[in-house]
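**Student:** Residue numbers (my numbering), protein chains in the order written: chain A, 57 to 237; chain B, 258 to 934.
A few of these clues could be false.
[Said to hold, decoys possible] Far from chain A, by Cβ distances over 10 Å, these chain B residues were calculated:
| no. | residue |
| --- | --- |
| 1 | Ala284 |
| 2 | Ala292 |
| 3 | Glu293 |
| 4 | Val558 |
| 5 | Ser577 |
[Unchecked claim] Derived Cβ-Cβ restraints for the label pairs, each shown as a range:
| no. | chain 1 | residue 1 | chain 2 | residue 2 | range |
| --- | --- | --- | --- | --- | --- |
| 6 | A | Lys229 | B | Asp648 | 53 to 63 Å |
| 7 | A | Pro186 | B | Ala275 | 46 to 56 Å |
| 8 | A | Arg76 | B | Lys272 | 20 to 30 Å |
| 9 | B | Ala275 | A | Arg76 | 18 to 28 Å |
| 10 | B | Pro271 | A | Glu66 | 42 to 52 Å |
| 11 | A | Pro186 | B | Arg686 | 32 to 42 Å |
| 12 | A | Arg81 | B | Ser274 | 17 to 27 Å |
| 13 | A | Trp219 | B | Asp683 | 51 to 61 Å |
| 14 | B | Lys599 | A | Arg76 | 13 to 23 Å |
| 15 | B | Glu601 | A | Arg76 | 52 to 62 Å |
[As the list claims (entries may be wrong)] Reference excerpt, derived from the structure (chain A facing chain B, CB under 7 Å, subset only):
| no. | residue |
| --- | --- |
| 16 | Val83 |
| 17 | Gln85 |
| 18 | Gly99 |
| 19 | Asn100 |
| 20 | Ala101 |
| 21 | Asp105 |
| 22 | Gln109 |
| 23 | Cys112 |
| 24 | Leu115 |
| 25 | Gly116 |
| 26 | Leu185 |
| 27 | Ala207 |
| 28 | Glu214 |
It is worth saying that the hints were derived from the structure and are not from the lab. All residues carry an ideal CB built from backbone N, CA and C; glycine is no exception.
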Amino acid sequence: MRAGTDLDAELVEKAVSGDRQAFGRLVEQHYDFVHAVAWRWSGNASDADDIAQDVCLRLGAAIRGFRGTSRFRTWLYTLTLNAARDHRRQQARDDRRMQAYASEQATVAPPEDPDEEQREALWTAVRALPEKQCDAVLLVYAEGLSHQAAADVLGCSEATISWHVHEARKRLKTLLGKEAV
Amino acid sequence: MRDDFEKLSGLTPPKASAEARARALAAAMQSFDEAEKNSSATQGSSFPVRQSSIFNRIWSPIMNRKLLAGSALATLLVVPAAAFLTFELTRDGAPFGERAQEIALKDETRKDEKRQKPEPQATAKKAVAEERARQEAKTVETPVAAPVESEAAAPAADAMANSVARDSVAPLSATGGMQPRMTFLPAPVVQEEMQPAPEHNRERFGKAESNPVKSVVTDPVSTFSVDVDTASYAFVRRSLMEGQLPERDAVRVEEMVNYFPYDWPRPESAAQPFKATVTVTPTPWNGGTRLMHVAIKGYDVVRTQAPKANLVFLIDVSGSMDEPDKLPLLKGAFRLLVEKLKPEDTVSIVTYAGNAGTVLEPTAVKDKAKILAAIDTLQPGGSTAGAEGIDAAYALAEKAFVKGGVNRVMLATDGDFNVGPSSDEDLKRLIEEKRKSGIFLSVLGFGRGNYNDALMQTIAQNGNGTAAYIDTLAEAQKTLVEEAGSSLFPIAKDVKLQVEFNPAAITEYRLIGYETRALKREDFNNDKVDAGDIGSGHSVTAIYEVTPKGSPAVLNDDLRYAEAEKPVAEASPNSGELAFLKIRYKKPDGDKSELITTPVTEANTVPALVEAPEDVRFSVAVAAFGQKLSGVTALADYTYDAVIDLAAASKGADPFGYRSEFVNLVRLAKGLGGSKN
Chain A
57 MRAGTDLDAE LVEKAVSGDR QAFGRLVEQH YDFVHAVAWR WSGNASDADD IAQDVCLRLG
117 AAIRGFRGTS RFRTWLYTLT LNAARDHRRQ QARDDRRMQA YASEQATVAP PEDPDEEQRE
177 ALWTAVRALP EKQCDAVLLV YAEGLSHQAA ADVLGCSEAT ISWHVHEARK RLKTLLGKEA
237 V
Chain B
258 MRDDFEKLSG LTPPKASAEA RARALAAAMQ SFDEAEKNSS ATQGSSFPVR QSSIFNRIWS
318 PIMNRKLLAG SALATLLVVP AAAFLTFELT RDGAPFGERA QEIALKDETR KDEKRQKPEP
378 QATAKKAVAE ERARQEAKTV ETPVAAPVES EAAAPAADAM ANSVARDSVA PLSATGGMQP
438 RMTFLPAPVV QEEMQPAPEH NRERFGKAES NPVKSVVTDP VSTFSVDVDT ASYAFVRRSL
498 MEGQLPERDA VRVEEMVNYF PYDWPRPESA AQPFKATVTV TPTPWNGGTR LMHVAIKGYD
558 VVRTQAPKAN LVFLIDVSGS MDEPDKLPLL KGAFRLLVEK LKPEDTVSIV TYAGNAGTVL
618 EPTAVKDKAK ILAAIDTLQP GGSTAGAEGI DAAYALAEKA FVKGGVNRVM LATDGDFNVG
678 PSSDEDLKRL IEEKRKSGIF LSVLGFGRGN YNDALMQTIA QNGNGTAAYI DTLAEAQKTL
738 VEEAGSSLFP IAKDVKLQVE FNPAAITEYR LIGYETRALK REDFNNDKVD AGDIGSGHSV
798 TAIYEVTPKG SPAVLNDDLR YAEAEKPVAE ASPNSGELAF LKIRYKKPDG DKSELITTPV
858 TEANTVPALV EAPEDVRFSV AVAAFGQKLS GVTALADYTY DAVIDLAAAS KGADPFGYRS
918 EFVNLVRLAK GLGGSKN
């Protein structure tokens, strides 16, 4: 978490009560965080832009309803994850329609570094997991949250997070084959 | 594998482009301003306002912003976008709710609703009309989408006009899903079979089909246990407030009906613990049937005569309780309850999470400060170990056992019991065993997403307690303070109802609700069979839809070979009766049941529903709503509007606003109801 938590809290409070300027600063401060999370979830920069913008929209509309009792950062995670999920669903639909027009999507150039390549494969595999598992794995491993904090973001119990991570491992094992495990 | 996962943290995300960043920040400010406008606006349609943000998102990278200033142009472009949006909404299933829930805007939605309550119905109607006109204009252009649109658009517009779950949540999230691509998409051709499966809600509800229509000739007797739980109503309310129709299995009609306080005729003395009042009225949703409305009111124990209470709060403080609508709400709720208790009552607190712990040994309520301080110290953390917690709670309850008083464990949780090695069955057995030793158990449910309604209901039923679902402090006030008497002081236990219909008068019947409470006919007289309890001042309402003999609404054909027996029935001295109502109950400390019987005759009937007492009409409205939500086909043609009219006309004094709230919920459901009405 950032150093200026107190400052943050004050800013959040002001924004919640309708202070336009405070809200502007708040969004500015957190945009990069949202963008980074969005990027991890979507895996490409232009999607991340879209998702982050969507989160900003939601923030503007919803900030007045935010209650200081839950952490702002946790809430941001939740908003971003939801936006990413919506985005993905929308995309899945669009993709299918687009296929009627475009025969092939541009393929991403494979990275040169073999280590990077393996990592990329892992990311792809993780993103292909069922939503809940994917969210749990990314929150815990990519975002470095504790199971507890991840549970707060996803609104479930800590045990559930642990279970999702466990399931994700099991599934990845079959997905990636033995050598990757 | 762990190492592999850790690689995930290695990637550094690219920096966001300055352009995207600026665009996003601008969007945020715009949406912030719009939210403000919307919350202060009292009139007019928010429709174009909302859409302009979509508009902005779609076009801002392409078009010069100055063009946006022309609101006429904006409107022109918005119309097809709106139509597309509504179309998308229908294809998407129930998008309002899912997002609404996720964004966790409960408070704002609720606030908005309150603020905008006086918004005239006319606005809503106007919005619908306008929307329809737009749809019609569009029909020519997109023949494929049109039929779906016109159905979807009306509720969509209506939901907006009704202003709940609207301002910020629903249309906005729909916006979120809309990508710029839509502008050049072809008419949708691909079916949805490849779409990711809808997310599974982990809340669990006991599954029960609605009671079927039964023929009096083959099943003359209907038997069930009373149910004074109200959890289902609070749950339904929460769903709707969040912009989502509740799951069918979450709707228990009898709990919705019984949620409301009714002023049924009261018994005169404690010697007769309750009084049953039967009213027979025409059915609003079916001209060929009648409703047999059975209302039971429990005797109200005067507070000073109330027995001494020994309460053990068993509180789930697992990590998941760290949400504003869980632990903090729970603390508030228990504080309210403590205020309500008598000085000589005792309270203990046990928490469970990771390992169960006793927070407060049995303490008399006159030492209130100590109890309140103990409540304040509760902190979330750890996972749930319910079984140990329950053991500890029962141990404390036994320690402070009040003979002849109220000994009750009040379990507060947001979800599942992690019962470790023991199964749900073992847990039930334990609770049952303790119940026999005089310690009852009630359940207070909190939060959503993980709530195991089925288990909680079973636990409460086995523990002779009530299961209540608490989503707001107001609900806590209702459950724990206004109805404290009824949930704490049972006046009768194992209360069973049996109705025998007279085949000479009634051909068919259907019990509305109580699906999870059905009993076997022979269990009525079997005192060993457990049933529901009635607390001080409780009221219980059960409604049958009955089809009189000879009515055109009869569904089952006559039995060809049953003819011969009929004259016998007609000749019997009870031929003037429609049905015969029997109630069996035990005194709270008794083992032998007692019987109350009431014949139902034409004297109980009223010729028109409007002539029925207000409370009867209101409860019928609630029953109709509950059935609609649970998808009972008999009510498919009965509109939400009719429910609204019926309920609004029978609100009565409504001192706590419960009934007005109900009417609003019906409006919400109507808005969310998709193509149905």
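**Student:** What hints, given by number in increasing order, does this structure fail?
**Tutor:** Structure breaks hints 1, 2, 3, 5, 6, 7, 10, 13, 14, 17, 18, 19 and 26.
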